[in-house]
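Residue numbers (the numbering used here), protein chains in the order written: chain H, 381 to 717; chain C, -18 to 205; chain P, 151 to 548; chain S, 129 to 294.
Hints may be right or wrong, so weigh each one.
Claimed, not checked - In silico negatives: residues of chain S with every beta carbon more than 12 Å from chain P: (1) T192; (2) A238; (3) Y263.
Stated by the list, open to error - Derived lysine to aspartate or glutamate pairs resembling EDC-like cross-links, with alpha carbons at most 20 Å apart: (4) P:K219 <-> S:D203; (5) S:K154 <-> H:E562; (6) C:K173 <-> C:E85; (7) C:K111 <-> C:D41; (8) H:K515 <-> P:E201; (9) P:K414 <-> S:E209; (10) S:K158 <-> P:D359; (11) P:K341 <-> S:D203; (12) C:K111 <-> C:E73; (13) C:K111 <-> C:D154; (14) S:K151 <-> P:D362.
Since the hints were made in silico from the structure, they are not lab data. A virtual CB, placed ideally from N, CA and C, is assigned to each residue, including glycine.
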Amino acid sequence: MNFWLLVVVKVLVVAGAVMLPGALLVIFGELKISAHMQSRIGPYFAGGRFGWAQPLADGLKFMQKEDLVPAAADARVYRLAPYIVLISTVAIYVIIPFGPDLTARDLDLGVFFLLAVSSLSTLGVLMAGWSSGNKYSLMGGLRAAAQLIAYELPMVLAVVAVAVQAGTLSLGGIVQAQAHTELFGANIHLPYLITGQLLGFLIFTTASLAELARIPFDMPIAESELTMGYLTEYSGLRFTMFFLGEYAGMVAFTAIAATLYLGGWWLPGLSPEAGYMNVVGPIVLVTKVLLLSFLFIWFRWTWPRLREDQLQTLAWKWLIPLSLANIVGTALFKVIM
Amino acid sequence: MTDSPSDRPEAADGGTARETAPDAGSANASAAAEIAGRVAEQVGATSWSADYDTAKVYVDRDRWVEAVAAARDGGLPFFSWLSAIDWSRQVEVGESVAAPDDLEERYEVMCRLSSVTDASAVHLVTSLPKDDPTIATLVPTFGGAEWHEREAAEMFGITFEGHPHLVKLYLPDAFEGNPLRKSFALLAREVKPWPGTVDVEGMPGATGPSTENVEAAAMEGGEE
Amino acid sequence: MTTRLDPTVAMHLSDAAVSVELETPEMTLNIGPQHPSTHGVLRLVAKVDGERVDSVEPVIGYMHRGYEKLAEVRTYAQITALINRIDWVSGFCNEVPFVIAVERLMGIEAPERAQYIRLILAEMTRISSHLLFMSSYPLELGAPTPLMYALREREHVMDLIEGVTGGRFHPNFNRVGGVKPAAGGGSSTKKVVQDLPSGFFDGTRRAMDRVDLVCDELDTLVTGNELFRARTVGVGIIPPDKALAYGVSGPNLRASGVGFDLRKHEHILPYDDIEFEIPVGRNGDCFDRFVVRLQEIRQATRIVRQAVDRIPAGPLQAKVPRILKVPQGQCYVRAENPKGEMGYFVVSEGGRIPYRVKIRSASFSNLSILPWILAGQLIPDLVAIMGSLDFVLGDVDR
Amino acid sequence: MTDTRTSDRPGPGGGSIIPGIFKGMKLTLKALLTKPVTVNYPLERETPVPRARGVIALDTEACTVCMLCARECPDWCIYIEGHKEHVPPATEGGRVRTRATLDRFDIDYALCMYCGICVEVCPFDALFWSPEYEYSEHDISGMLHPMERLTDWLESVPDPPTLETS
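Please model the entire structure based on the sequences and the hints provided.
What follows is the structure, given as structure tokens:
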């Protein structure tokens, strides 16, 4: 098959069959879980039972709305920004392994690709904030940029430790490595969360909360301060793209966290080589993704947000030293065991 | 001594309290009189009163700022509010004064200070003539006076000399007039007639269906 | 070829490069009149340098309805209906000082049962107002869930207020000489007495238990949360002397360590018969302002429970002439509104309508400290401080 | 007066090793597992309390067109017109009595502020509060309820609540 055709098909499959349903599911989960956490019912009518079609209905509604471009906006940049954010998120999906053979593209430098691509969204956010021609948007964009840069570092450092322990940069390889963990000569086939990377996991989750701009790190959009920050001026389909990108990003980051620390598509007790893992694997991974997403939703609806300077303090004074220590610890651990 | 308007008790020597509210809280009333007397002495007031549990101390316009500062330092540190009353013979809407002929037209500016350890509180009152409604600002004495003075300025047209930012507070910049002056008519009451003036009984000789009906009914009644 | 520099010179040069002031022009940021954290239509013209606020000029008046002028063309009964809209989240508390001022001018005292009903409903209003603050303040800091918990229990309190007065926000239940004695009945087509409806006492006790429970929940969810503390402790400190000079009153003043509560000093309602404490803060920061209000809710439930136990039987209304004419006189009565000192200076010239009514509303003075306190703060703190002052725009603009 | 200094209070997390942020999470999890309290409005309805001030009902039979309500209304939102009718004497040779009859009794709910003064001042018990609340309109002119509509509300006026005995 033609190479480019294959690329297009793969992207469409990843975006249509994985990302979109995943994002919609998490959006629905957020609506429903937040409601019940607040003693409310939440969506009720759309789709008949439980309001299951609410995210779809919302999406359809947004598509019908006028696509406004403010007069003061830099129209070209303003129009482009949502695509950048969405594309950078879709690109992450390409390397997520759903089973031993279920990866759109198992890159040897998967982790490197992931970190490179995920920071692309920063660019989109900054473009959106700057081009809107709105002071709130500008401040939101700047906050987002400062925040994403600050948290890129601990995230990279946390992932480095995993790469050190696994001895590979390929995500599929990392899953395999977890399935074959050996500690002190004994076969302890457990995910890295238990075998040495607990601290790394905490750092990675914190950093991904910040990357996703979710509470307690949602200052870039902080509704009560910046009235949704860089999203202020967006409407219609372009807003939907940001919205979808946010939740698709959440699915992507939880999937990466699950792959790096929780064994990805593999569960202790299952054979990582068996053919049935191509069926069971996706289910296992999706379950882990949903559990982590639930955790993120749970945080969001319980905690208030931090302040911009407190966030920077947390990143530079705590997370980065800790993640450096984590690398050293992992390296020593690797040598000893 | 300032002018002594009709509703104010004349102070012979230092001040006397007029008879207070008939029965409600007469214990409080005497407490109010005590505070008023004490503050009047502190600030060197011309007279004071304590009607209806409301201690009022009257000071000269020239001594306004130093009187307020003296009262503050004398144990009333809490700045409650500052406002004014327009005493006017001519009232455009609403209630007129009871005895317009005895009334001396003036603006009364008052400022309420209170203690934060007990119930004592006092209104410091001064009078401004209608043709020269200016008074020194209290902003250096109490930071909180800034907004209250801006409000009084736009509502009554009083000028607070030395105020750092005497612009309109509530009203739009282009608004003309001083709404709380008695000469300011209330538009809402001008455009719509009061329903109470309409009476059921038709005026004799007036045309209209209701009158005819009444007459027709009267005719029928007479025949039977 | 590179030129070698003397190491000390190189160091000085690099220092100089770093310490060049980054020139950032000041930006004017209009916060409001339509902004989620301004609680209505308040506008702040802020001069900001990045995230730092250099100066703030509040612009108010978007909600100005001119109550003082309106009161000059209305009868006393009509004014009572109007003034519970000043601070619309604590409507009942707005009515009390006004009717008491008129009662004093007329030399009437309300019967004891009416006074107790006033006290119970005023404290319930305080609970509902504070619960609204408990809900909106964490929301401003980004936590949306306490809102629902607080409103969930507030609903029970509102139901009780509505059961007695017929209105949830605007009770219009106080009358000169007592409380609303009778109104149009049902199919009986007779005026019926508006005494407490049956089940009120039990319902009140149950609601107070629920309010206490939600206070514990809020304690866990909000005050016990390290993130909340990080946002509020030491932020927006109002020293006591500034608070007094700006006329800041109520919980905001008490959070600054001044234990002044008009319920203890002004004997307009029978608070003397009831045991309660006045929560006082120490630092005057946002956290203290929050906790003082939380503790005040607990004290208010305590007051309501006691008042319900000892409410006497008797008439609801003192003898009052049918056409209300108030003798000539001037009277100021203040009361502890949930937001602070609420007072009415009623000037009567002897007719059916007052000559002048000066309304002293708490939020107006509480908000007037904004330019002083916001200068030099960060934008997120601006939101935190503004929210912690707990103002209602209707109470600011009147 | 007791001085309960607030800042010295240890937070709920102060005494224990579990940070307060996780205690809050326990609370939200508990709420997630308990039944919501929402009343699903168009499907479920709360019954308003009998005293609820929903809409004003008019009993035209009792009204004597005395205009008291219109005069006392703070918003001047009641419009009344009427005329006097002479009622024939009940017995032969009796006096001719006059009776006031309503021609118009409109309440403009766009202006009304639901204070209830009119109901209270009515000396002939012609006005009642009904707790009915579903009468919103697409057009503001629809908020002016004419006499017929006000009379229709009469059916929904509930019995007054029984009183607390104390």
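To see whether the hints hold, each was checked on the structure:
A cut-off of 12 Å between C-beta atoms confirms that T192 of chain S is not in contact with chain P; the least separation is 14 Å. Remark: the non-interface label on A238 of chain S is consistent with the geometry, its nearest Cβ contact in chain P lying 16 Å away (cut-off 12 Å). No beta-carbon of chain P comes within 12 Å of the beta-carbon of Y263 of chain S; the shortest separation is about 17 Å. A hinted pair counts as satisfied when its Cα atoms are at most 20 Å apart, and K219 of chain P with D203 of chain S qualifies at roughly 15 Å.
This hinted pair does not check out: K154 of chain S and E562 of chain H have alpha carbons roughly 36 Å apart, beyond 20 Å. Restraint check: the Cα-Cα separation between K173 of chain C and E85 of chain C comes to about 33 Å, which exceeds 20 Å; the hinted pair is violated. Note on K111 of chain C and D41 of chain C: the hinted pairing holds, with a Cα-Cα distance of about 15 Å set against a maximum of 20 Å. Proposed proximity of K515 of chain H and E201 of chain P is supported: the alpha carbons are some 12 Å apart, at most 20 Å.
Distance hint between K414 of chain P and E209 of chain S is unfulfilled; the C-alpha atoms sit about 52 Å from each other, more than 20 Å. A threshold of 20 Å between alpha carbons decides the hint, and for K158 of chain S with D359 of chain P the separation of about 19 Å falls inside it, so the pair holds. A distance of roughly 23 Å separates the Cα atoms of K341 of chain P and D203 of chain S; the hinted pair therefore is violated under the 20 Å criterion. Only pairs whose Cα atoms come within 20 Å are accepted, and K111 of chain C paired with E73 of chain C is accepted, the gap being roughly 16 Å.
The straight-line distance between the Cα atoms of K111 of chain C and D154 of chain C is roughly 24 Å, outside the 20 Å bound, and the hint therefore fails. Of the pairs offered as hints, the one joining K151 of chain S and D362 of chain P holds, with about 18 Å between alpha carbons and a cut-off of 20 Å not exceeded.
Checked against the numbered hints above, the structure violates hints 5, 6, 9, 11 and 13; every other hint is satisfied.
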